[in-house]
Amino acid sequence: MNKLLLPEGTRVLLLGNEAIARGALEAGIGFAAAYPGTPSSEIIGELLKIASKLNLHVEWSVNEKVAFEAAYAAAICGVRSLVAMKHVGLNVASDPLMTSAYMGTKAGFVIVSADDPNMYSSQNEQDNRWYGLHAYIPVFEPCSVQEAKDLTTTLFDFSEKFEHPVILRSVTRLSHTSGVVVLGKLIEPKSKGTFIKNPKRWVAIPENARILKKDLVKKWERISHYISKLELNSSENENKEVAIIASGIGYSYTVEALENLKARSKVTLIKLSSSVPLPKEWIIDKVKDSKKVLVVEEGDGVVEFQIKNIIAEEGLKVEVHGKDFLPKHGELRLEILVRTIAKVLNIKIAASRPNLKQSLKIPERHPTLCPGCPYRPLYYALKLAVKKSKVKVVYSGDIGCYTLGVYSPFQVHDTVLDMGSSIGMANGFAHVLKEEKVVAIIGDSTFYHAGIPALINAIYNQAPMLVIILDNETTAMTGFQPHPGTGEPMSSTCLKPKKVLPEDIVKGVGINHVYIVDPYNVYETLHVIEKSLKMLNHMKEPIVIIARRPCILYKPISPEKKPKIVESKCNSCGICYNSFSCPAIVRLPTGKAKINENMCIGCNICVDVCPLNAIIV
Amino acid sequence: MKDKLDVLLVGVGGQGVVTLARLLSEAALKCGFNVMLAETRGLSQRGGSVKVFLRIGKVYAPIFDVADVIIGLELTETLRNMYYAGENTVVIVNNRLIPVNMKKTESKKLIIEKIMEKSKNLEIIDAEGVAINVGSIRSENIAMLGYISTHHIFRSISTCIDAVFYSSKYAKIRENIEAYKIGRKLR
Chain A
95 MNKLLLPEGT RVLLLGNEAI ARGALEAGIG FAAAYPGTPS SEIIGELLKI
145 ASKLNLHVEW SVNEKVAFEA AYAAAICGVR SLVAMKHVGL NVASDPLMTS
195 AYMGTKAGFV IVSADDPNMY SSQNEQDNRW YGLHAYIPVF EPCSVQEAKD
245 LTTTLFDFSE KFEHPVILRS VTRLSHTSGV VVLGKLIEPK SKGTFIKNPK
295 RWVAIPENAR ILKKDLVKKW ERISHYISKL ELNSSENENK EVAIIASGIG
345 YSYTVEALEN LKARSKVTLI KLSSSVPLPK EWIIDKVKDS KKVLVVEEGD
395 GVVEFQIKNI IAEEGLKVEV HGKDFLPKHG ELRLEILVRT IAKVLNIKIA
445 ASRPNLKQSL KIPERHPTLC PGCPYRPLYY ALKLAVKKSK VKVVYSGDIG
495 CYTLGVYSPF QVHDTVLDMG SSIGMANGFA HVLKEEKVVA IIGDSTFYHA
545 GIPALINAIY NQAPMLVIIL DNETTAMTGF QPHPGTGEPM SSTCLKPKKV
595 LPEDIVKGVG INHVYIVDPY NVYETLHVIE KSLKMLNHMK EPIVIIARRP
645 CILYKPISPE KKPKIVESKC NSCGICYNSF SCPAIVRLPT GKAKINENMC
695 IGCNICVDVC PLNAIIV
Chain B
61 MKDKLDVLLV GVGGQGVVTL ARLLSEAALK CGFNVMLAET RGLSQRGGSV
111 KVFLRIGKVY APIFDVADVI IGLELTETLR NMYYAGENTV VIVNNRLIPV
161 NMKKTESKKL IIEKIMEKSK NLEIIDAEGV AINVGSIRSE NIAMLGYIST
211 HHIFRSISTC IDAVFYSSKY AKIRENIEAY KIGRKLR
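Going down the list, the sequences are from chains A and B.
The first sequence begins at 95 in this note's numbering and counts up one residue at a time.
The second sequence begins at 61 in this note's numbering and counts up one residue at a time.
If we strip away everything but chain A, and leave its shape as in the complex, we get (with noise of 0.2 Å):
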């Protein structure tokens, strides 16, 4: 049986996005949408697995603005609604997420942002609890994955409550932690609603909006003021001479450096899951006689932030501290946070530990593109066209498995700015650039997130660019989500969708020279490039080159043969372990070529990429 259906009181080890999604599921939610982004994906592709069992709504959204849009009007239809992203996937929907704000919901509605402190994943490690305070939304944190699946639960019986939207915000490390978990009770989705007409309500136009921006300023009192009557904070000893603010994932670091340093019992210790608005009646009461406070919260100061204007304010005579003390980047360390408590509490501990550093300097091992994955191909041909063109490219990068391409011996990404920024950015290259021809490369996944506004851009105001949409036949990165020109369902709802093709969308919206090749051919995908750079020269309008072959770990191929060297042809030239970089030809000591037969899974490209012939089948 599948996991999230398992009955209450069933203790089961749950990933952190496994654990939020059976929250939900516990609330009763009918309708979820996300579009995938690490490390959130679990929580929507785990909920799509039953969905039908349980008749609910799930689905894969085209991108974060749509699935929070979606899941809104769900939520303003009385059924109750989630909507997961990873942190910059919510700068993508922040539009329809400040005005939610003002015009609240009528079922619980839950956004799930999760952040990706160190960035293991991601761009940046923005702290979207920030968004929390500028747009008048409530944030809660959970400091386990136990709580991660209580905390879902709750969050929508508060957002009922106050009719208005609520972000949980988790991060890698606790969306990507599994940990033991009791289940609670499944109870009866409500999946089909009524919309009660109301546009003083649901239309922000000035007129109304105006009205409803003073209403969100009084709710967002009665909100505050609520907040601090919340069983979900807690403290442990009272009156200490230092108290530590624990906010969300903190909490589990800081008390395991509690316990580590035996001081558990010596500070007033106070656990934070509502990290936005601060309780703040409730956390004056804890901290009005300690001396010291230290907030430990993963990412930005947001709690110090809060809790310095709540002194302030209350012209309490509390030393505060946090980020002054604690690493302002990547995220919390046991070993770190440890060192800082010792040193507030005045406790001694041993020095630390000796001889980190490493003798012998280990390259770095960078993900690489798979064995017979079609952008090797595609990136070899790239490189040998501009190569043969004699001309100069800028390479406007974006968003994908095929973002490795930054990489040698490719190195075709200048620039990786966000989802859609290929073609987003060569807008303004195109246009300013002298010399050098702009190539954007972008996903399949990636054009459909945010790519085509940009193309449209590109031909109406007439940027020469050449645009490579790689087209892998599925979400690679994230775990093979389906996107829209797949086929497959992206919904619970719809089993057989048509399929919308990135050829038809670029042929609607004007572009004249569309090509369509498959990387797997080398030469013939070198020639379709090497005739587009030069169409460049005299043209004032995009081309588009889609370079089809579906990702060879979502659709492997099963070869009859795979390829052989003939140690008597190679001269050691290097061109496929070096420039074509296949991880499964490996250097001899000779400088001749091996196929590891472990790793080859015979895509056979290596036979032509070879100038002797000595990769043969």
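Stretches of chain A that chain B covers, calculated by requiring three or more beta carbons in the stretch to come under 8 Å of a beta carbon on chain B:
{"id": "1", "stretch": "270-283"}
{"id": "2", "stretch": "427-438"}
{"id": "3", "stretch": "461-468"}
{"id": "4", "stretch": "671-683"}
Heads up, simulated BS3-like pairs for lysine-lysine below, C-alpha to C-alpha not over 27 Å straight-line:
{"id": "5", "chain 1": "A", "residue 1": "LYS279", "chain 2": "B", "residue 2": "LYS90"}
{"id": "6", "chain 1": "A", "residue 1": "LYS455", "chain 2": "B", "residue 2": "LYS180"}
{"id": "7", "chain 1": "B", "residue 1": "LYS174", "chain 2": "A", "residue 2": "LYS455"}
{"id": "8", "chain 1": "B", "residue 1": "LYS163", "chain 2": "A", "residue 2": "LYS455"}
{"id": "9", "chain 1": "A", "residue 1": "LYS455", "chain 2": "B", "residue 2": "LYS111"}
{"id": "10", "chain 1": "A", "residue 1": "LYS143", "chain 2": "B", "residue 2": "LYS232"}
{"id": "11", "chain 1": "A", "residue 1": "LYS360", "chain 2": "A", "residue 2": "LYS382"}
{"id": "12", "chain 1": "A", "residue 1": "LYS422", "chain 2": "A", "residue 2": "LYS437"}
Sample of chain B residues lacking proximity to chain A, with all beta carbon distances greater than 12 Å (derived):
{"id": "13", "residue": "VAL129"}
{"id": "14", "residue": "ASN181"}
{"id": "15", "residue": "ARG215"}
{"id": "16", "residue": "ASP222"}
{"id": "17", "residue": "ARG247"}
Source of the hints: derived by calculation from the structure; they are not laboratory data.
Beta carbons are placed, not taken as given, at the ideal position from N, Cα and C, and that holds for glycine.
Mind docking chain B on chain A? Use the hints.
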């Protein structure tokens, strides 16, 4: 086992580090212990370095700084993570070297020497050899699991490792069963 056991598992994406860690965590849960398992997913798995934190027993934080045990499926990755080794850390490493693409590779001998500079308790296991002998390199993580299931440091969960492995989907593959059995005899 003391009140807790912190295990760091490292290797190269595709070697089955996460699978090995999940089987161990399920075993610990089955034996009644509290468990936390912190992984990194997404971009980090495409043939890059993989590092997983497994915590068993009375623990709170998802990650730690000093491991009680380091399980390495690959030598370079084990050396790279030796700053997690304390004075008494046990290091169990697969005698396999996967070269870093397009970079100079040091010899196994030198890497092992460097690991030994940081650890007195090094155990080198030929899980790669076991896997190749049973006919599938993909079984090397299971060969390691077999070895671990007989190791004294995991004795409080050893019977559960057996039970969890044999009831998992991995035990439906002949090579895995053989690798597990041979792994158990390596001690």
